[in-house]
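K.L.:
If you're matching them up, the sequences are chains A and B in order.
Position 86 of the first sequence, counted from 1, bears residue number 93 in the numbering used here, the numbering being contiguous throughout.
Position 149 of the second sequence, counted from 1, bears residue number 137 in the numbering used here, the numbering being contiguous throughout.
Hint data in this document are derived by calculation from the structure and do not stem from the laboratory.
Quantities reported herein were computed from a predicted structural model and do not represent experimental measurements.
Please note: incorrect hints may appear among the correct ones.
One side only, chain B facing chain A, incomplete, derived with CB under 7 Å [to be verified]:
| hint | residue |
| --- | --- |
| 1 | Ala21 |
| 2 | Tyr25 |
| 3 | Arg26 |
| 4 | Ala57 |
| 5 | His59 |
| 6 | Ala93 |
| 7 | Ile94 |
| 8 | Gly99 |
| 9 | Ala160 |
| 10 | Gly162 |
Derived contacts from chain A toward chain B, CB cut-off under 10 Å, selection only [said to hold, decoys possible]:
| hint | residue |
| --- | --- |
| 11 | Gln23 |
| 12 | Glu50 |
| 13 | Ser57 |
Pulled from the structure, derived: some chain A residues nowhere near chain B, Cβ distances all over 10 Å [as the list claims (entries may be wrong)]:
| hint | residue |
| --- | --- |
| 14 | Glu17 |
| 15 | Leu32 |
| 16 | Asp42 |
| 17 | Trp49 |
| 18 | Glu52 |
| 19 | Arg55 |
| 20 | Leu56 |
| 21 | Thr78 |
| 22 | Val81 |
| 23 | Gly120 |
| 24 | Arg122 |
| 25 | Asp136 |
| 26 | Val159 |
Here a beta-carbon is modelled for each residue, glycine too, at the ideal position from N, C-alpha and C.
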Amino acid sequence: MTVVLYRVDERLIHGQVVLGWGRELRADRYVVVDDALADSEWEQELYRLSVADEHDVVFATLAAARAALPTWQVDGGRTVVLTRDVTTMADLAEGVATDGAEVNLGGIHHRPGRREVRPYLFLDDEDRDAVRRLVDAGTRVTGRDLPAATRVGLDQLLA
Amino acid sequence: MSSAPKGSGAAPETPLPPGVLRAVQLRGMFVQASWNYRTMQGNGMAWAMLPVLRRASEERRAAALDRHAEHFNGHPYFDSVALGALSRLEVDEADPETIRRFRAAIRGPLGALGDRVVWATAVPSFALLAAVLYWMGVPGAVVAFVFLVAYNALHLAIRAQGFALGWEAGTAVGPRLRGLDLTGRAERFAALTLALVGVVSGVLLAGGRGVGALEWPWFVAALGAFFVGYVGGVRLWRPTAIVTVGAVAILLALGSASLLSG
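Same shape as in the complex, but just chain A (with noise of 0.2 Å):
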């Protein structure tokens, strides 16, 4: 399996990604999977900035993100699967199978109603049913902003 890391993070590719966790995974090549984004050419621009050029950004629909998964999961490519939120992450895991695959949730920031977990991960009652949504879709959630850190097991994430 070829798809090295499926990380929630609002801010997509960014820094904490593309240094943390990219350089230490290796990875290739990001798809951020977003239906508004894959159809905003000035928004790509601003997300490509964060990424050196070698590096492989693909902008894709929800649907081409499904249609796409299994290939992603054996082709030689090194992949970071990125959403902006746990129900596009669940929606995107469910009958495609990611079976046993950790996702990482990274970065979800304060907004009224969500309730914090960790200083980068605040979830509403929406997010906690995602995270149950990928649970039954057989993958394993945790919180982690980088790989050093601990991760946040689930009984704190719907605590």
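Fit chain B to the supplied structure of chain A, relying on the hints for placement.
P.N.:
Leaving out everything else, chain B in the frame of chain A:
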């Protein structure tokens, strides 16, 4: 009322009083003054945007203040690009969702740019250049003055040109930033700094008697240190790098001690 493309770089239809944008820029100086873990620079960005937001229509104003107070974390100097572009978007009455998405997309790249260009390159390089000046015999007060003037010339240039670029390009600022190749320029400047580190280390090892008194083995050692740092430095895992720097520092101390006693 406005039919111009929103935030597309078209000139705003109602010209702003000249002081408004300047006020946003000046307030940008304090963008980290209420930094917090929830919204990071969010409060600072909203406060900096106030001169523009005050001119928004009644129905836009409250929501506009809210969206600019949301989470933001870029870089205190490079945030000027965002402030310029966001001012343009608010003046053009762009779709609030576009503004929100622009804020979300621009913060990461600006943070990365600031890290590389300012924190990882400009600060150590300018400090080192100052150290070299001091070693050459320039009085300390003059060195400090030169350092502060040179560093802040760069700092204020980033703020002023960043704001102008953002105001001009709006949401299309991405390709413009890429075209400037600031990261590439910073990397070349960092290479120059590394060369200086090598030379200065050699000079320190030679007992501070100046480059003129530098015997050739020290010069070779300095060049060697430069190339090792240049090739290997970026690949070192952080604890490894700390150990390496520590080891070099101990060697330097031992070397100077033996030179002094000998």
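K.L.:
Hints numbered earlier in the text: which of these fail when held up against the supplied structure?
P.N.:
1, 4, 14, 17, 18, 19 and 20
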